[in-house]
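Q: In case you want the letters, here they are:
Protein chains: 2
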Amino acid sequence: MKTWERLIASFKRFPGIGPKQAERMALHLLRAPSAEADDLLASIKEARAKIRTCSCCCNFTDREVCAICSDPGRDQEVLCVVEDPQDVAAIERSRSYRGLYHVLHGRLSPLDGMGPERLRVRELADRVRDPSGAVREVVLATDADTEGEATALYLAQLLRRPELKMSRIAQGVPLGGDLDYIDERTLGQAMSCRREL
Amino acid sequence: MKTWERLIASFKRFPGIGPKQAERMALHLLRAPSAEADDLLASIKEARAKIRTCSCCCNFTDREVCAICSDPGRDQEVLCVVEDPQDVAAIERSRSYRGLYHVLHGRLSPLDGMGPERLRVRELADRVRDPSGAVREVVLATDADTEGEATALYLAQLLRRPELKMSRIAQGVPLGGDLDYIDERTLGQAMSCRREL
Chain A
1 MKTWERLIAS
11 FKRFPGIGPK
21 QAERMALHLL
31 RAPSAEADDL
41 LASIKEARAK
51 IRTCSCCCNF
61 TDREVCAICS
71 DPGRDQEVLC
81 VVEDPQDVAA
91 IERSRSYRGL
101 YHVLHGRLSP
111 LDGMGPERLR
121 VRELADRVRD
131 PSGAVREVVL
141 ATDADTEGEA
151 TALYLAQLLR
161 RPELKMSRIA
171 QGVPLGGDLD
181 YIDERTLGQA
191 MSCRREL
Chain B
1 MKTWERLIAS
11 FKRFPGIGPK
21 QAERMALHLL
31 RAPSAEADDL
41 LASIKEARAK
51 IRTCSCCCNF
61 TDREVCAICS
71 DPGRDQEVLC
81 VVEDPQDVAA
91 IERSRSYRGL
101 YHVLHGRLSP
111 LDGMGPERLR
121 VRELADRVRD
131 PSGAVREVVL
141 ATDADTEGEA
151 TALYLAQLLR
161 RPELKMSRIA
171 QGVPLGGDLD
181 YIDERTLGQA
191 MSCRREL
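Chains as they are written, first to last, in the numbering used here: chain A, 1 to 197; chain B, 1 to 197.
Among the hints, a few may not be true.
[To be verified] What follows is a set of in silico ranges between Cβ atoms, one per label pair, in the way DEER data are often shown: (1) A:G115 <-> B:A49: 40 to 46 Å; (2) A:R74 <-> B:D178: 56 to 62 Å; (3) B:P110 <-> A:A9: 34 to 40 Å; (4) A:R122 <-> B:D145: 18 to 24 Å; (5) B:K12 <-> A:P19: 17 to 23 Å; (6) B:P110 <-> A:H28: 20 to 26 Å; (7) A:A42 <-> B:G133: 40 to 46 Å; (8) A:S94 <-> B:P174: 43 to 49 Å; (9) B:E36 <-> A:S96: 32 to 38 Å; (10) A:L158 <-> B:P174: 52 to 58 Å.
[Claimed, not checked] A short list of chain A residues far from chain B (calculated; beta carbon distances all over 10 Å): (11) R6; (12) F14; (13) A47; (14) S55; (15) S70; (16) D84; (17) S94; (18) A144; (19) R161; (20) Q171; (21) M191.
None of these hints come from the bench; they were simulated from the model.
Yeah, the Cβ is synthetic: ideal placement off N, Cα and C, and Gly gets one too.
Working from the sequences, and respecting the hints, build out all of it.
A: Listed below in structure tokens is the structure:
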């Protein structure tokens, strides 16, 4: 049945959705009440039409300048660089940061053809170097894996200036982590970065 | 951002999609080329408009009578009863069956309020009891879990007639299964249903 297979193929294009999950989703959609299907269609259309990247931090927003960038209560001197919009949401949930963000929309990954030109690196450099800008510190909060580390190192070299403070989010044992179950590299990192009490 | 949250909420309604996966999907959709987003919208609309249940076997189809029911080459005397459309696809892939199907669209589950009246049981009974019908055997191919077993037992009692052969798909050790790793109930079933060689 072409219609059915086309629907499944559409779902399979999403990352993390395999053939079985695509089938489950197609089935759910066919059995769902019309209101639910219409709501899905409307929310997709609305998102595609309204959501764009903030002209300042490159995060997704439905305004010209996003809510965080246009909030005068945020610390304008600190810039936290993340890979993806979800990372902004995660840091906001932690309530541990009151500065601004910059979203790269990816990370360096030469094997996948992701070079700096495909990330929002130029926008970041412009922001940091802007002579009228207030940026005093850049917090590199890319992921703690190989590609995230490489991206952080690359940005640190690119942006380095004597008057600019550059930092990397701490790596170590996660809170509530049982030492027995933590891999040796994380444990090694936690040991070598130990803090004096 | 309301638009973004609405899109994520729409994806979270699908079974098996948690908050993280919904975020990944929303992000993918926003970054996808227009052609891909349009194709998703079109395939959902097409499926909702065209797909209905076959008037004979209750499987999803885009015709009045589905391709399997209208195929004269299939054995009209055997009816395989399954829970969901995916089960038909799985059995077809096994190339082990040439009869017809009947899709219940669920299984008995009193705790979830799924009684026989919410399944396509009446249609099945009508098909099996039809005096002009050719059904000689009913293969009960509901899942091998508690609710699937209960559904099979219920249907066996409901449909039982002296001239009707009733069977249940075999349960036992899956092919390639390592006995060490197979749960004791499956192993017990495989032992008590052992075949003479």
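Q: If a hint holds in the structure, say so; if it doesn't, say that too.
A: For each hint, the structure was consulted:
1. A:G115 <-> B:A49: 40 to 46 Å: holds, 44 Å
2. A:R74 <-> B:D178: 56 to 62 Å: Check passed, 57 Å falls within 56 to 62 Å.
3. B:P110 <-> A:A9: 34 to 40 Å: Given about 37 Å between the Cβ atoms, the range holds.
4. A:R122 <-> B:D145: 18 to 24 Å: Violated, at about 56 Å.
5. B:K12 <-> A:P19: 17 to 23 Å: Distance hint for K12 of chain B, P19 of chain A holds at roughly 21 Å.
6. B:P110 <-> A:H28: 20 to 26 Å: holds, 22 Å
7. A:A42 <-> B:G133: 40 to 46 Å: Holds - the Cβ-Cβ distance for A42 of chain A and G133 of chain B, about 45 Å, lies within 40 to 46 Å.
8. A:S94 <-> B:P174: 43 to 49 Å: holds, 45 Å
9. B:E36 <-> A:S96: 32 to 38 Å: holds, 36 Å
10. A:L158 <-> B:P174: 52 to 58 Å: For P174 of chain B against L158 of chain A, whose Cβ atoms are near 54 Å apart, the range 52 to 58 Å holds.
11. R6: violated, 5 Å
12. F14: violated, 5 Å
13. A47: Violated, because the least Cβ-Cβ distance between A47 of chain A and chain B comes to about 4 Å, which does not exceed 10 Å.
14. S55: Label holds. Min Cβ-Cβ 15 Å, cutoff 10 Å.
15. S70: holds, 13 Å
16. D84: violated, 7 Å
17. S94: Holds: least Cβ distance 16 Å, greater than 10 Å.
18. A144: Given a closest Cβ separation of 17 Å, the condition holds.
19. R161: holds, 32 Å
20. Q171: Holds, because the least Cβ-Cβ distance between Q171 of chain A and chain B comes to about 21 Å, which exceeds 10 Å.
21. M191: M191 of chain A is indeed farther than 10 Å from all Cβ atoms of chain B, at 30 Å.
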